[in-house]
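Engineer: Just so you know, the sequences run in chain order A and B. By the UniProt record's numbering, the letter at position 199 of the first sequence is numbered 199, and the numbering carries on one by one without gaps. By the UniProt record's numbering, the letter at position 738 of the second sequence is numbered 738, and the numbering carries on one by one without gaps.
Think of the hints as simulated: they come from the structure by calculation, not from any bench. The structure presented is a predicted model; accordingly, all values stated were derived computationally and were not measured. Treat the hints loosely; a few may be bogus.
[What the hints assert, rightly or not] Each computed SDA-like pair below joins lysine to any residue, with the alpha-carbon atoms no more than 25 Å apart:
1. B/487 / A/95
2. B/708 / A/170
3. B/708 / A/292
4. B/708 / A/284
5. B/708 / A/165
6. B/708 / A/146
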Amino acid sequence: MNGESLEVEGIDPHTTLLDFLRDRGLVGTKEGCAEGECGACAVVVLRLEHEGPRYVAVNACLTLVGSVLGAELRTVEGLSPQPGSRSAGRAAGPSVAELHPVQRAMVELGGSQCGYCTPGFVVSMFAEYYRREASLTPSGEPGLRWDPESVAGNLCRCTGYRPIREAMRSLPLAAEDDGFRARLSQPLAPLGEASLVREDVPGGGGTRRLHRPASLAGALALLAEEPAAKLIAGGTDLVVEVNQRDRRWPTLIALEAVDELRTLELGGEEIRIGAGLNLSELEHRLGGALPLLDELFPLFSSRLIRNRATLGGNLVNASPIGDSPPALLALDARVVLASQRGERELPLVEFFTGYRQTALAPGELLRAVIVPRRAPTHAHFYKVSKRVLDDISTVAAAFAVDLDPASNTVTRARLAYGGVAATPVRAQAVEQALVGRPWTAETVAELAPQLRESFTPLSDHRGSAAYRQAMLARTFEKFFHETQAGRRLGPQPPPSVVLPVLPPRPQKGANA
Amino acid sequence: MSTKVTLSLGYGKQLSKQKIEVPDGEPKPWDATVKTKVVGRAVPRIDGPLKVSGEARYTHDVRVEGMLHGAILRSPHPCAVIQSIDLSGAEKAPGVRAVHAMAKAGDRMIFAGQDIAAVAAERPEQARAALEAIAVEYELQPFVASTRGAMRDGAPVVHAAAVEEKRTGADEPGAEKAAGRLQGNIRPGRSQKRGDAKRALRAAKASFEATYETQCHTHSALETHGLMIRWEAKDAVTVWASTQAIFGVRDEVAAVFGLEPAKVRVITEFLGGGFGAKFGANAPGSAIAKAAGELARTAKAPVKIMLDRQEEHLCTGNRPDSIQTVRLGANPKTGAITAIHVTAHGSAGIGTGAGVGRNASAIYTKVPDVLVESADVFTHAGPAVAFRAPGHPQGAFAMESAIDELARQLGRDPIDVRLAHDTHPVRRWQLELGRERFAWNERRREAADLRSRNTRIRRGVGCAVSIWGDFGGPDARVTVSVARDGKVAVKCGVQDIGGGIGTVMAQVAAEVLQRPLADVRVDIGDSAFGPGVGSGGSKTTSSIAPAVRNAAEAAKAELAMIASRALEGASVKRLKWTEKGVGVGRQTLSWAELCKAIEGEAVVATASRPRTYGAFPKSFPGYPTPQIAGAQFAAVEVDTWTGVVRCSEILALHDCGRVMNEMTLRSQINGGIILGVGYALMEQRVLDPGLGVVLNANLEGYKACGIKDCPDISIVLTEVASGNNSTGSYGIGEPATIPTAAAIANAVGDALGAHVRSLPITPGKVLETLEAAANSSSNSEASK
Ligand SMILES: Cc1cc2nc3c(=O)[nH]c(=O)nc-3n(C[C@H](O)[C@H](O)[C@H](O)COP(=O)(O)OP(=O)(O)OC[C@H]3O[C@@H](n4cnc5c(N)ncnc54)[C@H](O)[C@@H]3O)c2cc1C
Ligand code: FES
Ligand code: FES
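For reference, chain A alone in the conformation it holds in the complex (with noise of 0.2 Å):
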């Protein structure tokens, strides 16, 4: 931590790394929301990928204190290149010259106000600072490319964000000699196998363990031992349990350091991602290789969620407003099961079983995803919502066909949405209807009350159920012109959709 090592002992596998953290005195870490909201948590990870070792950001209150330990960890106070003596008054604190480069831009440029959320700022534009995909400018030149997304999940209700986003474009790229950068180029070990063990945890809790076994046969064992036992990814989901509902698990068993769920085989055919590799990780080692995730991932959440959520991760919670089940249904994704016992393999669509529910048999973890290469004629992937980025979806929607390039007939089609049923779904009827007819606005036209009756979408705060029902067949319309270059303006679709305002009613379970 910082640069010191930290022991730690006796405390619930449960506790996350903010609350560690804020224990330990190391208090400019803040908390704004603690469910991944605010970023105001966000701390620097030192993570060995692929291609080496990077500075990502992720937000300590979705992170427990186990799924880092041996980690090279910093926090707000430890990126200060040189440390000095300190003054006093209002004005005290470090000098401008021992703040880190994008702390002095904070501070030149106006990019706190009431500074709560800096501390989540800086982390992350510290993140950026040294990104390698950020080390280009768009002519190619060496000079730092800032993209916004690296601050998209820190939330400032202050600033109008204005004076952050001129802070981080006025920094160059890292000098030579700066030494977090140097720490980039030296070997990182990996993360081992560790493990926390809290006993009579007060109010009659038991024993409660956390463990984090370094290989797929470890995971394996301890899950055929205890197959109650809670797995955990990168914890955007079921920390949010934790925090919000409480939810505590006798046994938790840590994914981060077991290596063959990091695994990304690009093969000629099919690509596998690992279910454990974060989604950061996964959008520039596919460098492309799957156009329709890339238009998925910068509208999934923000680059501080992705940092540490995982593929697994996200379909296993199994939300009918997930993201990438849709996304995975258009590509006709397969999932492979693990266990003791031995793997195998299952269509995607066959993995949702009910609302929030999966075919995952006891014992059993998500060990990758296999989406085949093939290239759609056209795919694209939508999400509706309020806000532009790091928002729950209204709807999600994927879509892909192929076309017969003499006919312009359809001859496979792939309609598949999020946030309309229980679970994630496809369109089935309508991909069949689609089949043999030509690819033309009358063909959409025709098949746009079916697709709006495919399924019965509820409503809640997010959208009514008619919106739902009509962005159905607005997506798909969308979608179309979409396909045909250079309609960015497309003529108005027909006032056909009735939409009475209706009032919002509880959805069980409406959360992602």
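Assemble the complex: chain A is given as a structure, and chain B with the ligands must be docked to it using the hints.
Structural biologist: Showing chain B with the ligands alone in chain A's frame:
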């Protein structure tokens, strides 16, 4: 006891000599002729390094020896009578050191989230766990959770008895004394009146009527409400509080525990935002100070209570919703508006204060007959509280929307309609400037073209205006000292809500004393530093900056005496001050030499500021203080297929008196705008009418703008020299957020050719509006 001084006042090139009466002893106010060197510059905040390095200590971060953690059990029901409470389970729970009942059997709980009992324990999780061991039996009662529902005859009545008005320092001054008599859940407030609007409406040749609705909006400051109380003696406490009014907290704590105010010390070194919700010691809907104090007394240890994000949504205040019917009378030939009548209802939950501001009553002063009536509607929900320009964004949305809709109906340009009825010279200037800079005419033509071609993506522009007043006053006292080592210190018990008042204090002192900024030390955030002012009504800067100037001038006068002695009795009047020091003729004294001549440790001067003494060019209605004018322009892009609106650009033109610090000022405006964008497009507290509970009491379901929702913001500062106080400063925090949502709504109206009359403008509402417009045009074609 006052003197007349002649000042150069005005704005832009419109300057004139005005005679202003200032109290004796007051320095000559900075007017348009005065060029300052440090004041006005975009100086980075002096506490920036503390903030970026994580060293700034907020209430949430404060830890003292022996500190316990408090937590509060809240009613899960919107309306219920407590049958019994059994606290014994909590008393026995591990780690618990004190339990405090906040309600008793027989009490009627009237919103989900109301205080029941509090516990203090060694660890926060122990306190939370202990709450679960408290057994409460409730008898459920009927409730009403929607504003319209509460207005119906026979609706369950929220308050059994009379309701006491609760005001805070952030309410628009003068809005007290409003309360009318309660009828069911409806309690009429004060009306704003000019002429006879009802008669004028009957006589009008053309009229327009529409009903507008706005949502309940929560402050959602990033640091939640919280405080820690430590008893220092039987009759003395220290309070660390996340507050925007240190002295408000002091007085409330003193009142709650029957202490002398002087025995209450309040510390707020840093504060993670407030926006109007953090004036008292208790939160608007939760007696956290009472609970912390009682628990601390019982446990004989300091107790800290920090609310969590859910509680923050339930019981710490919000901006009331509103249902406003606007009726306009007009002359279709001239386009003149002859009457405005607004009837507004809004729910502040169980609290009061659902006003609609002054857009309708005080901006369009050429309209002869105006009536604005507003009423509170009680619902079983957490109380509202002042929120950045209380009432104004709601009122601006309805009134400014109605102006645009009328303009569309009459085939006139909405800016022309505004100019024809507004006499404030600065706002008129802002509208004209904005029209030009925003390429208004060209963009309106483009919007019309996209509409006529019925394209999927539409673009539109809109504008809206704001009114606010300079409410700065003489509450604060500032101490400026110059020590023998030459260092300057400025002290005041004011808190920095984020506006950057500490930096402005340093700048003003540096300006007057002609010292480098780095040599000025500022101490704020502690009641021990002397009276401050609550950060509300956008009055922090205009209350504090003049007091700093006055104190610094007083210190300088004393230094002048010392200099005159040292310079062999040179007359004080003939002294020449420079950045190096002071002199007369060829004789000079460096600053260091001068300070060495100080007898004792330092020269210390304390000063306040008098009441506002000038209001040029126009006063805020009913006040002898300047009116603050503003206008904003918005550009939007609407996807008519999904209904998703994106605000792409905002041009904000604001009057801000004399600029004290351009960087912090612009930041306030940016922040006001982004809050307005959220209000316009996404933020909404959703209360389930069937269950009476908040469905999105978190930041996952309650979305505020992120960086990618942020439009391109351009800011034009239309400085005004108003001769109001010795620095010419006034506030901007609130005005900056008033017109944003209204301007966006008008831009959406321009894009669609039909108005979305309800905030937030969600995709569903956009599609409904398009649908209704298409139906009505096909109906009218059918009837032709
Ligand atoms: C602020 C925020 C924004 C979000 N935005 C989005 C969004 O835009 N779109 C979206 O779809 N989701 C969103 N989510 C939800 C969440 O981030 C995703 O579902 C994420 O992919 C979960 O992955 P994880 O690794 O964090 O899962 P975890 O929380 O670790 O686990 C989730 C569940 O999956 C199980 N699990 C995990 N890995 C495996 C495995 N290999 N085998 C078997 N079971 C496993 C766990 O036991 C647990 O039940 C958001 C969450 C937050 C906090
Ligand atoms: S505390 Fe808000 S994201 Fe972690
Ligand atoms: S500065 Fe206050 S939340 Fe960002």
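Engineer: Flag every earlier hint the structure violates by its number, smallest first.
Structural biologist: none
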